[in-house]
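Trainee: One letter stands for each residue in the lines below.
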Amino acid sequence: MIQDLLNALTLGSIYLLFALGMALVWGTIGILNFAHGSIFMFATFISYLIAERIVLPLPVILVIAAAVGAILSVAVQVLAFQPIMRRAKNQHSAELQILIGGIGIAAVPIAIAQRATLSNPFGLGNSSFQVQIYEIGDVRVSNIMIMILFAGLVLGGGLAWWIKVSRQGLALRAIGVNDEVASIMGINKQRLALATMALGGALAGLAGALLTVYLSAITPESGDALLIKAFAAIVLGGLGSIAGVIAGSLVLALSETLVLTHTSGTWVNAVSFGLIFLILVVRPQGIFGRKNVVRT
Amino acid sequence: MNFFSTNIILVENTLIVILLALSIQIPLRLGVFSFAAIGYYAIGAYSSAILMLEFGWGSWEAMFVATVFATVVAYLLGLVLARLTGLYLGMATIAFDLILVVIVLNGGSLTGGPVGIFGVLGSIELWHLAAAVIIVLALLTLTERGKLARRFDAVREDPQLASSMGIDVVSYRRLSFLISGALGGLAGAFAINLRTTISPESIGFGLVVLGLTVIIVGGQASWVGAVIGACIFVWLPKLLDFVGDWEEIIYGMVVVLAAIFIPGGIVGLFLEAKHRRQSKRNRSVVEQVSALLAGEDEHESRSAAVNEGAISDR
Amino acid sequence: MTGKTQAVLEVNNIAVHYGGIKAVNGISFSLEPGRISGILGPNGSGKTTLLGALTRMVSLTSGSLVFLGQDYSKVPARKILSLGIARTFQTVRVLPDRTVLDNILLGTDALSSSRAGNVKENVRQAIERTGLEGFEQVRPGELSYGVQRRVEIARAIAAQPSLLLLDEPTAGMNQHERQEIGTLLRKLSEEGLTQLLIEHDVQMMLDTCDKLFAMNFGVLIAEGTPESVVQSIAVQESYLGKRAQQNA
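Quick mapping for you: the protein sequence lines, in order, are chains A, B and C. Residue 288 in numbering that gives the first Met the number 0 sits at position 289 of the first sequence; the count goes up by one each step and never skips. Residue 223 in numbering that gives the first Met the number 0 sits at position 224 of the second sequence; the count goes up by one each step and never skips. Residue 216 in numbering that gives the first Met the number 0 sits at position 217 of the third sequence; the count goes up by one each step and never skips.
Quick caveat, the hints were computed from the structure, so don't treat them as lab data. For each residue, glycine too, the CB sits at the ideal point set by N, CA and C. Keep in mind that a hint or two might mislead.
Distance condition first, Cα-Cα at most 30 Å in a straight line; then the derived DSS-like pairs of lysine-lysine [claimed, not checked]:
no., chain 1, residue 1, chain 2, residue 2
1, B, Lys279, C, Lys119
2, B, Lys146, C, Lys210
3, C, Lys78, C, Lys186
4, C, Lys119, B, Lys146
Far from chain C, some chain B residues (derived; all Cβ distances over 10 Å) [unchecked claim]:
no., residue
5, Thr13
6, Phe68
7, Leu139
8, Thr195
9, Leu239
Bound-form chain A, shown alone:
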C-alpha cells in the first residue's frame, strides 16, 4: 500500500512538473500549447544525444534538458504563437489556430526523434548516475524517486509561493485576470509571456529527463501521452490556480495507480480521459478554480 502511495506520488510529481508549465502558460497568456509534450520529449532526446557522447553527472544533464526545453518553448512562442496572435481577428479563431498550430509543431520533433531512434526507446543511461534502491521495511525507494519527489515538492510548492508573493508573480496573475488593465499598469505582456513559456519549457525538459531516468527509457511518443494527462490534472485542479495543478496532478496519479493495481493496465488511460469529461460536465472550474474561468 505504502509502495503504491510512493509510486503514485512520484508519478504525480512528474505530472506536476509537466502540467505546471502548461498551466502557467494557459492560465496567464491563454495559450493552450499542444507542443508541450513534444518539447518534453525532444528536450530529453537532445540530452540523450549529448549524454551518449560525454559522460556527465546527472545534475548537468537535468540542466541541459531544462535549458533545451526553455529554448524550444521560446522558439515556438516567437515563431508560431506570436505571429498567430498578431494576425488573429478575434480570440475565438486565435484559440483554434494556436491549438492546431501546436499540433502541427508537435509533429516535427516527434518525427525527427522517430527517424533517429527508429521508434525505439531511448534513455539517459550513459551518465555517472547510478540508480540505487533502498529498502525501508517492505518499501523500496530509489534515489531517483527521492529526487523526483523533491523536485515536485520544491518546484511546485516554490512556484506557488513565488507567484503569490513576488512582483513578477503578481504581474502574471494580473495578465491572467485582465490583460488590458495589466498593460496599462505597465506590465510588458510580451516579455512576461516569453518568460512564462521559457519557464514552462524548462519544467517540461526537467520532467522529461527525470522520468526517463526513473523509467530508464522513454519513446518519441511519450510526450503526447502526457499531454492529455496534464489537461486532466489542470482541469481537475482548476485553471488559474497553482494549488489546483498540484492537487490535480496528485489526484490523477493516485487514481491511475488505484486503477492500475485493481484492474488491468488497459484502463489506466481512461482515468485521465474520464476525469476530463466528468469534471467539465459537473464542475468545469475544477476544485480550486474561479467560477468565471469557463469563458463564453
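Chains B and C: place on chain A using the hints.
Mentor: Just chains B and C, lined up with the frame of chain A:
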C-alpha cells in the same frame, strides 16, 4: 479508367475524409468547438462491423442503424456538454473520442481489442459513397446561401446578437451536434464497408489531427474547404513519394504555416481575394457617398455612384 | 394629450435582484407612441440592467412588462423581435465579414412571414431612412463608427418594430456623428417609431428626447421634460457623485 482503378483506394479515402471533415466543420461554422466527429466515426464503424459480423446484418441495415446510433449519441453529448464553450468544449469532446478508444481496446472479442475487427465484407460500393457525398454537399450548399448562411454566421460570431435578432441559438447548437453525428457516423459506416477493417489505432488522436488539419488548410467557411483539404491530405503523400520519411515533418510544417498565415484556409484566400476586388469598386462609392452625407451636391454624387455600378437601381 | 392612446410600453414596478445586488429596485413608467424617451444615469445606476430586463436578457425578480397591451414578462429574449421590440447595443455589433446589406437582412431573417411582410421593401426603406444608399456591398468594418451605428439602426428598423431600444447609441462618437444620430432618431420618431434611449451625453438627450427619466440606485429619481429633469438638483448631485456610496 486506368487512373481510377489504380487509385480507387485513394478516391475512397478522399470521400470518407470529406465526410469526416464536414462532421468537424459544421459545428465550427456554428461556433461550436466540438471535435467529437472522430468519436462518431468510431461509433459508426464499429457498430456497423459488429452488426454485420456478430449479428449477420446486411450492409445497408447496419449502416442505417449505426448512423442513427451515432446521431443519437451526438445529440445526447450536445445536451450533456451544453454549458461548455471554446477550448473547454474542445477538450471535453477530445476526451470523449479518447474514451471511446479505450472502450474499444477493452471490448474483448466484441470489438476485437487492440487488433480491431477485420473481414467485414459489405455490399456497398464506391459509387454509393460518391452519391452520398454529392447529396450531402448539395444540402450543405443550402446552408451557405442566403438566410441560413447569415444565421450560421451570427450564431458563430455573436450569439447574443443572434439571439436579439430572433435566432434560437440553443437549437442551432444542438442541430450542429445532430448533423455532426450523422456525418461522422456515416463516414465510419462507409469506411468499414469499403475497407473491411477497423482498429483502435485508426480512430485515435491521429484521426483528430487529420480532421483538424484538413479543415484548417482547406478552410472552415464552406464545404469546398473540406473537399480541397481532403484532396490535399489524401493525395499529398502519393505525390510526395520521393519525400518518404520526411512526410510527417512536411505535414507538420504545412499545418503550422497554414495556422499562421492562412487561418481561413484556401477557401479563405479566395474569399479574401474576391472581397478585395469588391473593395476596390466600393472605395470610390464610399468616398462619393461620404461626400454626399457631408452635404455636397446630391444629384451629382448619386448618379456618379450609379454609373460606377456600385448602387443598383433596386 | 395622452388620453385614450394606449402606451406602447408599460413597466410595472419591476425589480431585478441578483446575488445581493438590487440593480433595479422598483421602477414603473410608460412610453407614449411615437415619442423618444431617454434614461439618464451615472454608471452603476442600473440602467443597463433595466435595458436587459426590457429586452428579456435578464430575468425579473418581480413586476411585469407590458408591450402593446400584452404582458411579455416571461417571453424568451429571442422572441421579442417578433413581438416588435428591436434594440441596438452599447458597442456596435455587426457582422464584420458580411456586407451592410447582409447585416441589415439579418434583422429580418428570423421574423415570421406575417411579421416580416415585404422584406425587400422593408430593407430598402430602412436603408433609405438611415441614409445608407450606396453602402450595401461594403463591409461595415471599413466604415466609420457613426455609419456602422446607422447600419445597426437600419437592421433594427428593417424588422418593422413598434419600439426601438438604444443602448448608448452615440458612445464613442465625435460631436458631428452624435448630431447625425440624434437627427436620425428624431426623424424616425416623426415617422412614428417609439424609442427609448440610454445615454450619457446630456446635451444629446436634451436635443433628442421628448421625455427624460433620471435613474440612480436602481430607481427613478426624476421624470419629466428633458430640461426640468436635467435641472433637477437630484440629477446634478447624482452626477457629481455626492450620493455615490451605494454605487456598485
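Trainee: A separate judgement is required for each hint: does it hold in the structure or not?
Mentor: Hint check results:
1. Under the criterion of a C-alpha separation no larger than 30 Å, the hint pairing lysine 279 (chain B) with lysine 119 (chain C) is consistent with the structure, at around 26 Å.
2. The straight-line distance between the Cα atoms of lysine 146 (chain B) and lysine 210 (chain C) is roughly 38 Å, outside the 30 Å bound, and the hint therefore fails.
3. Restraint check for lysine 78 (chain C) and lysine 186 (chain C): satisfied, since their Cα atoms lie roughly 27 Å apart, inside the 30 Å limit.
4. For the hint pairing lysine 119 (chain C) with lysine 146 (chain B), the CA-to-CA distance comes to about 13 Å; that is within 30 Å, so the pair holds.
5. No Cβ of chain C approaches the Cβ of threonine 13 (chain B) within 10 Å, the least distance being about 29 Å, so the stated non-interface status holds.
6. Distance to chain C confirms phenylalanine 68 (chain B) as a non-interface residue, since its nearest Cβ pair spans about 32 Å, more than 10 Å.
7. The Cβ of leucine 139 (chain B) lies farther than 10 Å from every Cβ of chain C, with a closest approach of about 19 Å, so its non-interface assignment holds.
8. Even its closest Cβ contact with chain C, about 44 Å, leaves threonine 195 (chain B) beyond 10 Å, as expected for a residue assigned away from the interface.
9. The beta carbon of leucine 239 (chain B) sits about 34 Å from the closest Cβ of chain C, which is more than 10 Å, so the claim that it is off the interface holds.
Checked against the numbered hints listed earlier, the structure breaks hint 2 alone; every other hint is satisfied.
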